[in-house]
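Number of protein chains: 2
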Amino acid sequence: MKRPLILVTNDDGITAPGIRTLVEIAKTLGDVVVVAPDSPQSGMGHAITISGPIRLHPNKQVFENVEAYECSGTPVDCVKLAKHVVLKDRQPDLCLSGINHGSNASINIIYSGTLSAAMEASLEGIPSIGLSLLDYSHEADFEPCVPFVKTLAEWVLNNGLEEGSLLNVNIPAISRSELKGLRVCRQADARWIEEFTEAEDPRGQKYYWLTGRFSNDDEADDTDIWALENNYISVVPSMHDLTNYRAIKTLKQIEKL
Amino acid sequence: MKRPLILVTNDDGITAPGIRTLVEIAKTLGDVVVVAPDSPQSGMGHAITISGPIRLHPNKQVFENVEAYECSGTPVDCVKLAKHVVLKDRQPDLCLSGINHGSNASINIIYSGTLSAAMEASLEGIPSIGLSLLDYSHEADFEPCVPFVKTLAEWVLNNGLEEGSLLNVNIPAISRSELKGLRVCRQADARWIEEFTEAEDPRGQKYYWLTGRFSNDDEADDTDIWALENNYISVVPSMHDLTNYRAIKTLKQIEKL
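Chains as they are written, first to last, in numbering that gives the first Met the number 0: chain A, 0 to 256; chain B, 0 to 256.
Same shape as in the complex, but just chain A (with noise of 0.2 Å):
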């Protein structure tokens, strides 16, 4: 059988320790191609870049015996880049985005460039995992979830996904003995709470700087927030249909307005 071929990327940047994680795990399982940002895009959503040019440097630096290129671009860039100018007529078999540090649990999705890297990978028809550990050091500990991302990313490449579809991981902050295995939800119904630092700058101008806590009020227990907190490294299947299709029947009256 032909080797696999997965491409990986993240949104903390091609030196971020997470990444180097699912690297060495993508090794094990076929031949593996990184295109990353050349610097931190936490909160770049499905930032494109399209009023600049884009920089592209192969990196050999910072993995050994891996075919590695660095983006000035987004994390959704990143898969572009890596699909149209890097891979050209190679589709990979899979793409691992992460492993982020910080939950992207609940609505997290939507701001995170380590999902939006992995659901622009499904937009082009891989198969596609964003992986997130619920630890934001720079120290955190990647070790324990390690052949449990393994299991599901070899499931992934010997079953592939719906079309369209990709999953999104988060990993508990525990030892290996702890973590109970995968579980599969729901994104949960939760928030952000937000707050604003407001202060003025060394030349007396005032700046505001976001902080704020998540909330979380959806109680049931087939929620990603549910599994977390009972020891689960969590899965949801995420699509980029974004219709409500519930809300279509009830808003067809406006047709006559």
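No lab work stands behind these hints: they were computed from the structure.
Since the list can't tell identical chains apart, any single copy or any two copies may satisfy a pair.
Straight-line C-alpha distance at most 25 Å; calculated DSS-like pairs for lysine-lysine:
1. Lys248 <-> Lys179
2. Lys149 <-> Lys179
3. Lys205 <-> Lys59
4. Lys251 <-> Lys179
5. Lys26 <-> Lys1
6. Lys251 <-> Lys149
7. Lys87 <-> Lys59
8. Lys149 <-> Lys255
9. Lys1 <-> Lys87
10. Lys205 <-> Lys87
11. Lys149 <-> Lys248
12. Lys255 <-> Lys179
13. Lys59 <-> Lys26
14. Lys149 <-> Lys1
Fit chain B to the given chain A structure using the hints.
What follows is chain B alone, placed relative to chain A:
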């Protein structure tokens, strides 16, 4: 009855012609507050500014007798600042985002700053409409759609929207007499076929610039693309829950891995 409070934003920037049309419509319906980017932010998707400060300044030049602010951040930042810094206890009854110069139908919703701003407003509990005209030019004619947009905005003010729902409205660039009215539809399953222009900058360094063409193989008559091609204004109820519920059942087998 208390006059409704309407928040207006966009992604083309506070000086773009499209937002001016929206402000004029909003003024006939209620009190208006504008918080919009100080520069074009097309293609920013749901990006937020987390690694740096954001500036927010009152702008008294662009609109007459309207409380308006320009913001250095993304469209989503604008909505967050509007809600938590500018308006605080004044909860808007409606958010209008746009009118965007260029289509945000189908898959474009995920790349669009205009629609991401509307989605952010819906997350803040504000009934919200993102609007786009299928004409990229600065000289686009926004007049033909005015009565339709006003009628729709009034309907939403009177009837509200399902919590967490927003409307993605796209308007064909045709005359008023050709416009057939509003059509409620689903997001067409279309794609971008990407291409990158590859060239050298003045210093001889290679760069890439994103281009591409929109491709729709979804020929059903219940989509936004169909509506637009048939001279309707398309209205897609959209939402932030990206869970692919259909896929959950199939995937359950990975819990046994």
